[in-house]
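Order-wise, the sequence lines are chains A and B.
Per the numbering used here, numbering through the first sequence is continuous, rising by one, with the last residue being 317.
Per the numbering used here, numbering through the second sequence is continuous, rising by one, with the last residue being 1544.
Heads up, some of the hints might be wrong.
Stated by the list, open to error - Just so you have them, the derived chain A footprint on chain B, three or more residues with Cβ under 8 Å:
1) 1147 to 1161
2) 1477 to 1486
As the list claims (entries may be wrong) - Sample of chain A residues with no beta-carbon within 12 Å of chain B, all distances over it, derived:
3) L51
4) W177
5) G226
6) P267
Honestly, the hints are just simulated from the structure, not real lab data.
All of these numbers come straight from a predicted model, not from anything done at the bench.
Beta carbons are placed, not taken as given, at the ideal position from N, Cα and C, and that holds for glycine.
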Amino acid sequence: MLMFVLRRLLYAVPIALGVTVVSFLLVYLAPGDPLNAIAPADAPAEVIEALKVSYGLDRPLPVRYLLWLQRAVQGDLGASIATGRPVSGEVRSAVGNTLLLAGVAAALGVLVGCLAGAVAGYHAGGPLDRLVTALSVVGVSVPHYWLGLVLTIVFSVRLGWLPAMGAGPGGSADWLWDGDHLRHLVLPALTLCVIPLGILSRTVRALVADLMQREFVLALRARGLGEAAILRHVARNAAPTVLAVAGLQLGYLMGGSILVETVFAWPGTGFLLNTAIFQRDIPLLQGVLLVLCLIFVGLNLLVDVLQPVLDPRMVRQ
Amino acid sequence: MVSNKAGQLTVNRWRRALQGLAALVLVTACSMAHGESLVRYGISMADIPLTTGQPDKGAGGYQFTGHTLYDPLVAWEANIASRPGKLIPGLATEWKPDPQDPRNWRFKLRHGVKFHDGSEFNADAVIWNLQKVLETKAPQFDAKQSAQVRPRIPSILRYRKVDDYTVEITTKEIDALFPFQLPWFLIGSPAQWEKLGHDWAKVALQPSGTGPFRLDRLVPRERAELVRNPAYWDKTRLAKVDRLVLLPIPDALTRANALLNGQVDMIETPPPDVLPQFAASGFRVVQNVTPHVWPYHFSTYPGSPWTDLRVRKAANLAIDRAAIVKLLGGLASPAKGQLDANSPWFGKPSFEIKYDLAAAKALMTQAGYSKAKPLKAKILIAQGGTGQMLSLPMNEFIQQSLAEVGIQVEFEVVELENLYLHWRNGAKADMNAGKGITAINLGYVTADPFYALTRFAYSKYVAPNGVNWGGYSNPKVDDAIDQVKATFDPKAQDRLLAFVHQQMVDDALMLWVVHDTNPHVLSPKVKQYVQAQHWFQDLTTIGL
Chain A
1 MLMFVLRRLL YAVPIALGVT VVSFLLVYLA PGDPLNAIAP ADAPAEVIEA LKVSYGLDRP
61 LPVRYLLWLQ RAVQGDLGAS IATGRPVSGE VRSAVGNTLL LAGVAAALGV LVGCLAGAVA
121 GYHAGGPLDR LVTALSVVGV SVPHYWLGLV LTIVFSVRLG WLPAMGAGPG GSADWLWDGD
181 HLRHLVLPAL TLCVIPLGIL SRTVRALVAD LMQREFVLAL RARGLGEAAI LRHVARNAAP
241 TVLAVAGLQL GYLMGGSILV ETVFAWPGTG FLLNTAIFQR DIPLLQGVLL VLCLIFVGLN
301 LLVDVLQPVL DPRMVRQ
Chain B
1001 MVSNKAGQLT VNRWRRALQG LAALVLVTAC SMAHGESLVR YGISMADIPL TTGQPDKGAG
1061 GYQFTGHTLY DPLVAWEANI ASRPGKLIPG LATEWKPDPQ DPRNWRFKLR HGVKFHDGSE
1121 FNADAVIWNL QKVLETKAPQ FDAKQSAQVR PRIPSILRYR KVDDYTVEIT TKEIDALFPF
1181 QLPWFLIGSP AQWEKLGHDW AKVALQPSGT GPFRLDRLVP RERAELVRNP AYWDKTRLAK
1241 VDRLVLLPIP DALTRANALL NGQVDMIETP PPDVLPQFAA SGFRVVQNVT PHVWPYHFST
1301 YPGSPWTDLR VRKAANLAID RAAIVKLLGG LASPAKGQLD ANSPWFGKPS FEIKYDLAAA
1361 KALMTQAGYS KAKPLKAKIL IAQGGTGQML SLPMNEFIQQ SLAEVGIQVE FEVVELENLY
1421 LHWRNGAKAD MNAGKGITAI NLGYVTADPF YALTRFAYSK YVAPNGVNWG GYSNPKVDDA
1481 IDQVKATFDP KAQDRLLAFV HQQMVDDALM LWVVHDTNPH VLSPKVKQYV QAQHWFQDLT
1541 TIGL
C-alpha cells in the first residue's frame, strides 16, 4: 500500500510541472495587453514601455517562466498587476470562499444524487427510475446561469426569502456559521449542486442496476440475507466508482463556476478568474489557474489513494 | 389592609410599567439620535477602484475612491445637475499663469486643511504627491498611481514650492487648458505613507486624504465602507449620510435583483429590461446629460472608404437615433455631434446630424454607391464592456440602417481590452489597415476640452502620438487648437473650442450615435442624489 501511494505521488510531480507550464503560457495566448489592467486606454507609448519594464514584461517568455516558477515553489505567486495585492493572498481568500460554496454544493449533490440514484437503480425500469432519470437529465442539461437567475427572481425578488447576492451581510471576511450568513449560501449552492446531483444520480443508478443483476447478489439472497444487508454489499461495490466521480465533481466545482459566482457576486475563484480575465491581469490569472489545477491534481491523488481502501483488489492489480 | 396592599401592588406595577416605558422611549430616542444613516451602493465594477490616491477603472472610478477620499487642487463642480459644471477651487484657492511667462502657474493653497490622519496639508504635500506620480526615482513613486494619472496631466514639465502655501507648476508649452487636467490629480497624505512604513499596499487599506469621506473598511472585490468626515474643510459639501457602502456587483441583472430585494439602496447602470419593474415598485431612475459619446471613429487615410465626406455624412444621416434610444429603454440621448447640444463648446455646425434617409441615399448616389452597388467597410467593435452600452444589438441596428443606404458593413468583434490595442496604434497600423479595418467603435469620455476635442482633432495627436485614430487633419482646426492653448480668457476659449467642434461635425469626423446618460436607480429610501453632467459624481449629495 505504501508503495502504491508513493508511486501515485511520483506520478503527480510531472503532472504538477506540466500544470505550471500550461498555467503560465496559456494566458499569453489570449489577445490584448496585460498593461490595460493598469494604464488608461489612452496612455502614451512611453508610459506603457516604462510599465513593461517595471513589471518585467519586457523579458523573454522562458526567463519570465523560470522566475515565476522559482517564486511559485516558495509560495510567492507575485502581485496582481491591477491592484498590486499579493496574488497568494487573493487566491487564498477566493479558494476559501469557493471551498465553502463547492463543499456545500458537492455534499448536497453527492448525498441527494447517491440516494436518488440508488432508489432508481434498485427500482430499475419502474416509474421511480424514470422520474429520477428524467430529473437527472434536466440537472445536467440546465444552464447554471439561467437557473441561478430564475431562483433569484423567485426566492429573492418575488418572495423575498433569501438574499440575491453576496457572501453575508458584512462580506466573506466576516463569515459566521449563523442563519444570516447561511441564507446567502442557499441559492448559489442550490444552483451549483444541480450538475453533480444529476451526474451522481445517473452514475449510481447505472451501478446499482448493474450490481443488482450480479451473481453475488443472487448468492446473498440465497443465503437468506435481508434487502438492507444486500444493499450494503452493493454500496460497497459501487463505492470506488462513486468516489472517483464525486472527486472529479468536487474538482470541477472548486474551479468555481464563473457564471454562478458572477450571478451571485460570490467572491470565490470563479469571480476572481472573471475579473482577472477581463482585466488581463496575468499574474493573478496564472496564480489562480495554478492553484486550481493543483487542487484538481491533489483531489485526484486523494481519490487514487482512497480507492484501494474501499477496494483492496486495486492495490493487488 | 388587604385592599391597601393590593393598591400598593397596583401602584408598584404601574410604576414599574412606566419606568419600563420611559426606559424604552429613552433607548429608542438614543438609538435614533445615534443611529447611523447608511446607504449601500451597488456599483458596476468588479472590484473597488484603487484607494491609494489615484483610482483606476477610468473616469468612473474617481467618484468612488477618488473625490470621496481625496481632493484635487482644482476641482470640478459636481453637485449641480441643471447645467454643466465648471472648474472650482479645491485645495488651491486660486491659480493663475505668470504674465511674464504663462507656462508658470502659481497655485495659492488652502490654509487650515488637515488630512484624515491629522497631518497638515501644505505645499510640501503637493510637491510630494507630484513626485509620487512623476518622478520614478522618488522613494514614494508608485507605478500604478503614476500610470493612472500621468497620461491625464501631460502638460507638467516641472514644479517647485514657492512658500508653505504656494506652489508653482511649469507646463511644457503655453497651455491655457492646463487647469482642466488638475481634477484628475489627487492629493494624499505623505505622513500616512511614512507611518505605514512606505508600503502602498498598507496605504490602500488605511488611506488618508482630505476628502469628505474616510475609508473605514476595505474588503477587496467585496466592499468599501466610507464614513462621513465631519471635519471636512468645505462645509457646503459635508456628506449627507454617515456611512456609504460600495458593493461591486458587475452583473447588471444581479445589481437589479439586489436592489429589488433590498440588499442595496441604489445602483448604477441598470439593465433597460428591468426599468418597468423598478417604476412599478416605486424606485426612482435618475439620469442626466453625460460627457460620453458612442461613435464610429472613421479612418481618413487613403484607401479607406470613409475618405469621401459625402459617405461620412450619409452614414450620419442614415441612423434613426430615436429608435436606438428606445432600444436602450430611454437610457441615452441622441447625438448631434461629439458633444451634447447644450455644451458651451458645441458651436453652430452647418451639418445637422439627424435621421434623413432620403438625404443619406442622395449623398450615397452622388458618391457612386447604392443598395445594389454598396460600399463595403470593415469595422472593429467590442463585444461589450465599460462605455460600450449594448454593443452588439446597437451595432446590428446600425449595420441594418447603413445597408439601407448602400453601406455594407462587416464587423470584426474583439474584447474591449484588445480593441484598446487597436485604438492606441491608430488606423494606419498594420493590425488595422492591414486587416482592412477602417472604423472603430469605442465609447469616448468627453469631459473636458482635451478629452472631448483636441485629442481627436489635433493633427499632432495622430496615433501613435495620441488617439487621433483616423489621421484627421484640418489646418483650421489645428490653428484654433493652437490659439486656445494660448488664450486665457474663458469666454474666448469657449468660442475657439466651439469652432473646433463645429468643424469636426461639418467634417463628419465620426458617425455619432448616442450619448450615455449614466442612469442610476434609487430605492424609495434614498431621497436625495444630485447627478452631475459628468463622470465625476459627488457622492456627498446622497441622502435619506
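Hints versus structure:
1. 1147 to 1161: holds (count 6)
2. 1477 to 1486: violated (count 0)
3. L51: violated, 6 Å
4. W177: Fine: 19 Å to the nearest Cβ keeps W177/A off the interface.
5. G226: Answer for G226/A: holds, closest chain B Cβ roughly 51 Å.
6. P267: At about 5 Å from chain B, P267/A fails to clear the 12 Å cut-off, so the statement is violated.
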